[in-house]
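> Sequence:
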Amino acid sequence: MKENRVRYRTGSSEETVGLGRKLGQLLQGGDLIVLTGELGCGKTWFTKGIALGLGITEVVTSPSFALMNDYEGVKHTLFHMDVYRLEAPEDFLDTGLDECFEGEGIVVMEWGDKWPEILPARRLNVAIKIMGEQSRELVMTGEHPRMIQVLAALDQDL
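Here the working numbering is used: the first residue of the sequence shown is 1, the next is one more, and so on.
No farther apart than 30 Å at their CA atoms in a straight line, the calculated lysine-lysine pairs in the DSS-like style are these:
id : residue 1 : residue 2
1  : 129       : 114
2  : 22        : 114
3  : 129       : 22
The hints are simulated quantities; they were obtained by calculation from the structure and are not laboratory data. No experiment lies behind these values; they were computed from the predicted model shown.
Hey, can you work out the whole structure from these sequences and the hints?
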């Protein structure tokens, strides 16, 4: 593992969920996970795993049309956002969803890489790439000390 970057390969949706679950178990209130990758790469599957790691038993679905779905976890609320349909950072700010960054919830944001300038520094970027029909490569990077700590713990656990 480079200090702020880890790379994983999964061979199925179940493995992608499993990796998300391990990450979810390490997250704390105020953490932001930014997911990127082409349509259908598994961003929502990964989020389902994060939710499981947070003790969420509800079915996690893509918030593509709602912009955000929220789920109550054992300790924290998970805010799952999909900003694909928003065109500018002002559009996002106008929704008021940025207020989720200020609380003790955990935010998973799909397509948030479009506007890094408005995102908190305390974030983990997860790029998901389709490698085959079921296989995916997930590259996780973080600059903030908290996220470097999460990456080290995740890398040690796998």
